[in-house]
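*Asks:* Below, each chain spelled out in residue letters.
Protein chains: 2
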Amino acid sequence: MDKRILLPLTLLPAFQSGNIQAADQPAKRPNIILFMVDDMGWEDTSLPFWTEKTHYNELYETPNMERIARQGVMFTQAYASSISSPSRCSLITGTNAARHRVTNWTLQKDKTTDRKDSLLDIPDWNYNGVSQVLGTNNTFVGTSFVQLLKNSGYHTIHCGKAHFGAIDTPGEDPHHWGFEVNIAGHAAGGLASYLGEENYGHTKDGRPTSLMSIPGLEKYWGTETFATEALTLEAIKALDKAKKYNQPFYLYMSHYAIHIPLNKDMRFYDKYKKKGMTDHEAAYATLIEGMDKSLGDLMDWLEKNGEADNTIIIFMSDNGGLASESGWRDGPLHTQNYPLLSGKGSLCEGGIREPMIVSWPGVAKPDTRCDKYLLIEDFYPTILEMAGVKDYQTVQPIDGVSFVPLITGTGDPSDGRCLYWNMPNNWGNDGPGINFNCAIRDGDWKLIYYYATGKKELFNIPADISEKNDLSGRHPEIVKRLSQKLGSYLRQVDAQRPSFKATGKSCPWPDER
Amino acid sequence: MDKRILLPLTLLPAFQSGNIQAADQPAKRPNIILFMVDDMGWEDTSLPFWTEKTHYNELYETPNMERIARQGVMFTQAYASSISSPSRCSLITGTNAARHRVTNWTLQKDKTTDRKDSLLDIPDWNYNGVSQVLGTNNTFVGTSFVQLLKNSGYHTIHCGKAHFGAIDTPGEDPHHWGFEVNIAGHAAGGLASYLGEENYGHTKDGRPTSLMSIPGLEKYWGTETFATEALTLEAIKALDKAKKYNQPFYLYMSHYAIHIPLNKDMRFYDKYKKKGMTDHEAAYATLIEGMDKSLGDLMDWLEKNGEADNTIIIFMSDNGGLASESGWRDGPLHTQNYPLLSGKGSLCEGGIREPMIVSWPGVAKPDTRCDKYLLIEDFYPTILEMAGVKDYQTVQPIDGVSFVPLITGTGDPSDGRCLYWNMPNNWGNDGPGINFNCAIRDGDWKLIYYYATGKKELFNIPADISEKNDLSGRHPEIVKRLSQKLGSYLRQVDAQRPSFKATGKSCPWPDER
Chain Z
1 MDKRILLPLT
11 LLPAFQSGNI
21 QAADQPAKRP
31 NIILFMVDDM
41 GWEDTSLPFW
51 TEKTHYNELY
61 ETPNMERIAR
71 QGVMFTQAYA
81 SSISSPSRCS
91 LITGTNAARH
101 RVTNWTLQKD
111 KTTDRKDSLL
121 DIPDWNYNGV
131 SQVLGTNNTF
141 VGTSFVQLLK
151 NSGYHTIHCG
161 KAHFGAIDTP
171 GEDPHHWGFE
181 VNIAGHAAGG
191 LASYLGEENY
201 GHTKDGRPTS
211 LMSIPGLEKY
221 WGTETFATEA
231 LTLEAIKALD
241 KAKKYNQPFY
251 LYMSHYAIHI
261 PLNKDMRFYD
271 KYKKKGMTDH
281 EAAYATLIEG
291 MDKSLGDLMD
301 WLEKNGEADN
311 TIIIFMSDNG
321 GLASESGWRD
331 GPLHTQNYPL
341 LSGKGSLCEG
351 GIREPMIVSW
361 PGVAKPDTRC
371 DKYLLIEDFY
381 PTILEMAGVK
391 DYQTVQPIDG
401 VSFVPLITGT
411 GDPSDGRCLY
421 WNMPNNWGND
431 GPGINFNCAI
441 RDGDWKLIYY
451 YATGKKELFN
461 IPADISEKND
471 LSGRHPEIVK
481 RLSQKLGSYL
491 RQVDAQRPSF
501 KATGKSCPWP
511 DER
Chain S
1 MDKRILLPLT
11 LLPAFQSGNI
21 QAADQPAKRP
31 NIILFMVDDM
41 GWEDTSLPFW
51 TEKTHYNELY
61 ETPNMERIAR
71 QGVMFTQAYA
81 SSISSPSRCS
91 LITGTNAARH
101 RVTNWTLQKD
111 KTTDRKDSLL
121 DIPDWNYNGV
131 SQVLGTNNTF
141 VGTSFVQLLK
151 NSGYHTIHCG
161 KAHFGAIDTP
171 GEDPHHWGFE
181 VNIAGHAAGG
191 LASYLGEENY
201 GHTKDGRPTS
211 LMSIPGLEKY
221 WGTETFATEA
231 LTLEAIKALD
241 KAKKYNQPFY
251 LYMSHYAIHI
261 PLNKDMRFYD
271 KYKKKGMTDH
281 EAAYATLIEG
291 MDKSLGDLMD
301 WLEKNGEADN
311 TIIIFMSDNG
321 GLASESGWRD
331 GPLHTQNYPL
341 LSGKGSLCEG
351 GIREPMIVSW
361 PGVAKPDTRC
371 DKYLLIEDFY
381 PTILEMAGVK
391 DYQTVQPIDG
401 VSFVPLITGT
411 GDPSDGRCLY
421 WNMPNNWGND
431 GPGINFNCAI
441 RDGDWKLIYY
451 YATGKKELFN
461 IPADISEKND
471 LSGRHPEIVK
481 RLSQKLGSYL
491 RQVDAQRPSF
501 KATGKSCPWP
511 DER
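Taken in sequence, the protein lines are chains Z and S. Under UniProt numbering, think of the first position of the first sequence as 1, with each following residue one higher. Under UniProt numbering, think of the first position of the second sequence as 1, with each following residue one higher.
The hints are simulated quantities; they were obtained by calculation from the structure and are not laboratory data. There are no misleading hints in this set.
Computed list of lysine-lysine pairs in DSS-like fashion (alpha-carbon distance at most 27 Å, straight line):
#: 1; chain 1: S; residue 1: Lys-485; chain 2: S; residue 2: Lys-455
#: 2; chain 1: Z; residue 1: Lys-264; chain 2: Z; residue 2: Lys-275
#: 3; chain 1: Z; residue 1: Lys-109; chain 2: S; residue 2: Lys-237
#: 4; chain 1: Z; residue 1: Lys-244; chain 2: S; residue 2: Lys-111
#: 5; chain 1: Z; residue 1: Lys-237; chain 2: S; residue 2: Lys-109
#: 6; chain 1: S; residue 1: Lys-244; chain 2: Z; residue 2: Lys-109
#: 7; chain 1: S; residue 1: Lys-244; chain 2: Z; residue 2: Lys-111
#: 8; chain 1: S; residue 1: Lys-304; chain 2: S; residue 2: Lys-241
#: 9; chain 1: S; residue 1: Lys-219; chain 2: Z; residue 2: Lys-241
#: 10; chain 1: Z; residue 1: Lys-241; chain 2: S; residue 2: Lys-109
#: 11; chain 1: S; residue 1: Lys-109; chain 2: Z; residue 2: Lys-243
#: 12; chain 1: Z; residue 1: Lys-219; chain 2: S; residue 2: Lys-237
#: 13; chain 1: S; residue 1: Lys-204; chain 2: Z; residue 2: Lys-237
#: 14; chain 1: S; residue 1: Lys-237; chain 2: Z; residue 2: Lys-204
#: 15; chain 1: S; residue 1: Lys-53; chain 2: S; residue 2: Lys-372
#: 16; chain 1: Z; residue 1: Lys-111; chain 2: S; residue 2: Lys-243
#: 17; chain 1: S; residue 1: Lys-237; chain 2: Z; residue 2: Lys-111
#: 18; chain 1: S; residue 1: Lys-241; chain 2: Z; residue 2: Lys-109
#: 19; chain 1: S; residue 1: Lys-219; chain 2: Z; residue 2: Lys-219
#: 20; chain 1: S; residue 1: Lys-219; chain 2: Z; residue 2: Lys-204
#: 21; chain 1: Z; residue 1: Lys-244; chain 2: S; residue 2: Lys-109
#: 22; chain 1: Z; residue 1: Lys-241; chain 2: S; residue 2: Lys-111
#: 23; chain 1: Z; residue 1: Lys-204; chain 2: S; residue 2: Lys-241
#: 24; chain 1: Z; residue 1: Lys-219; chain 2: S; residue 2: Lys-241
#: 25; chain 1: S; residue 1: Lys-28; chain 2: Z; residue 2: Lys-109
#: 26; chain 1: Z; residue 1: Lys-241; chain 2: S; residue 2: Lys-204
#: 27; chain 1: Z; residue 1: Lys-304; chain 2: S; residue 2: Lys-109
#: 28; chain 1: Z; residue 1: Lys-390; chain 2: S; residue 2: Lys-390
#: 29; chain 1: Z; residue 1: Lys-243; chain 2: S; residue 2: Lys-111
#: 30; chain 1: S; residue 1: Lys-304; chain 2: Z; residue 2: Lys-109
#: 31; chain 1: S; residue 1: Lys-237; chain 2: S; residue 2: Lys-219
#: 32; chain 1: Z; residue 1: Lys-219; chain 2: S; residue 2: Lys-204
#: 33; chain 1: Z; residue 1: Lys-109; chain 2: S; residue 2: Lys-243
#: 34; chain 1: S; residue 1: Lys-111; chain 2: Z; residue 2: Lys-237
#: 35; chain 1: Z; residue 1: Lys-111; chain 2: S; residue 2: Lys-241
#: 36; chain 1: S; residue 1: Lys-219; chain 2: Z; residue 2: Lys-237
#: 37; chain 1: Z; residue 1: Lys-28; chain 2: S; residue 2: Lys-109
#: 38; chain 1: Z; residue 1: Lys-455; chain 2: Z; residue 2: Lys-505
#: 39; chain 1: Z; residue 1: Lys-241; chain 2: Z; residue 2: Lys-219
#: 40; chain 1: S; residue 1: Lys-204; chain 2: Z; residue 2: Lys-204
Same shape as in the complex, but just chain Z (with noise of 0.2 Å):
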């Protein structure tokens, strides 16, 4: 017998990767939970992450965002894609959005989501997600920074929303990508109702009336329970059962919620409607509120549990709040995410610039604001970072660079960075900043291309993030500079670009013209 593999497995590294999956650990290492919001603008909290209180931040009640920011870091510059399924397949796979190429929504297999366009064809991008493995088209093959965690000793829990890959392809399923646990998560990226009474989008004898409807809540169908309670009531059952395996847990905490439709949560409707508040955005604040309460029931559970001290809280929205379709919010459409201009779909800061907390006992200084950016790619290594886990193998380059520096204040990784985005498909609303175009933001700078017709649009956003004021009259070296670093970096990633139906020749890069 050879006794030379039982020997390192109190000897190995801490937190080797690979297939590994005992390696101990010489300190205790965090629990971490990454709470995802869906569609949650900029300034949807009472919270403000600008320098002066909103509207929306006056109405809406956040108070257990209010909470974590008082114990943590509040990230006033972080980026994500426009849509959903960029970002989460960013954050899945650490790559930025033009290299992954799901530059717009998935849902069904082989089927793009696109509105079509008179003028310009969309590329042949990756509408089936991405994947864990080959042998599927359409998609980027990525490692999952979670199989990673898991492979080091984690255990992982999903809660809420996956929306990795399309239906019927191998990166549907959050089982693929390293979750122990999965919670109602699925290839959808919406949802058809919030409602127990209308069984989460399902018929009384159990058939789902949408592609969107919730999976896995089946034991609340009935009840008065609203969707985002649900997942928090089944979250911290699986938190229960993670304290008895003596493991260190990632708890991915992706809320359906505030995603349309904009179901009423009865538990908070009456006391915005008391404020005089119209029923649309009384609804909307209910969603906000109700989201909000899960943070703090998770909280209290990490108190209670004496888990609190050795747990990293991290907030985040996968995208700006929609502001593109009338019937939902109200007011003139773009202006829901104000100061920011524009929302969901848009390159925009209303359609990109999250919310954003990052709360870590011991580490994280408590109460203080960092406005150095980041994007959505970066929690990728810095999730790694803070589980501890090095010199892991990926089968794609990671785009993202941790943004550990930055909490612990050893360091500024967007210093001398730019920040990219493409989108070269067709969303289908139209706005400022939506649909067809591609965007650098380097330091104060920001450039916005658009494919279709050449538009350059130069903002020096910390002056203006209102993106008011259009520069590229006036500094045509910055455009020249800008365009050059965006067209090399697409050309540098692969990314892809719409072509002109008329010709068939894609359209020009942002330094082609």
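Based on these hints, arrange chain S on the given structure of chain Z.
*Replies:* Same frame as chain Z, but now just chain S:
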């Protein structure tokens, strides 16, 4: 950007293990079905594994075992442990039970299942089962071959009985072991009821009536669907889904059948009653035929879906048929595995010799028999070899030896190899070869050693399959040689042994008296 990481995506050595899940394959890798039956005796089938047809071979009907045997190799000396947990823990970790120390059955955390003994104290065995991570007392930590399969690109499905770790330990859930799908598997090694009419052991309002209530089959509650059929229907749904993923699949079809209780599967009951069988024997026969139908249904699925030629099926049982309890079977105790002596819980052949068949189209010679011996932990390296997974890392040493050469006819891994069993526990029932013993098989010879008394039994198995003639008196030199090998092995793998209550001293190893 660093492209070094991207390039290996296509250049990776095929099926490399580690966290790289996307390793592509130059040739199509086979699907693998491990069809595991619970508590099935060697002759609980119409397919005789002995040289003669037995009474029970005549009574029971297993046409699909006959069908698969015509396509592949019957292994007539396939061994497991004498109890379920030791076997299943050896299966998932590739280690001998003497090493992993899960030497009796597991269920509840920190509770042993042993019967008290007046003479001997039972060692502090791993009554919490096996675990994929460190951190839980009284578990053996191992890397699962299923995780390695998943890492290499297999879609991994668990259906039925798991029984790897005790309730509330990390090993309790098949998802934790690398299974992407889990149908009805949990900590328990038995079942409360096969009956849909009894909700498989749940009250009308969904509360389990026992720790052995089968989870996850809610949709069949209140119907006449026998558990074996429900599991098969769910497995086939999982295969339908697997086919869409364009990955090879590994299905662990792990039936709760034919474990007690002896519920009647009414699809088959009348037929057996008409043969004149007693209620007990007829009910037992229906458990067997229901299991056999499941095998046939899976084979049918493979044929209909064009996967039969690319799928390996391995048929196996986890220990011998239950023969030490009155009230379930007819006839004198310890005779139900005839020609083998004793049954479940015993180190006599009736407790450890299993019906095993391997069908591997294009590789295994159809309709053949192999009389070389092998042991349950051999499945670990065998299945990985079948899947082409090489150079894998595990935290535990692998005791198993691949039996692929026996299938391909390229070698004989049993040549010169000894097999070992260790049972320092008190299972509970009594009978030949049951409790507080250990054993070695060396060529034709088998020695059983009893810790309490020091008694040693020696049998020439091919000449005396029923272990009627103890030759220890006639061949003291063989007894000595086998005692030395057995004692040496047990010490080498740090096996456990009972101790005497009277003195507190450990029972001697077999070569110490």
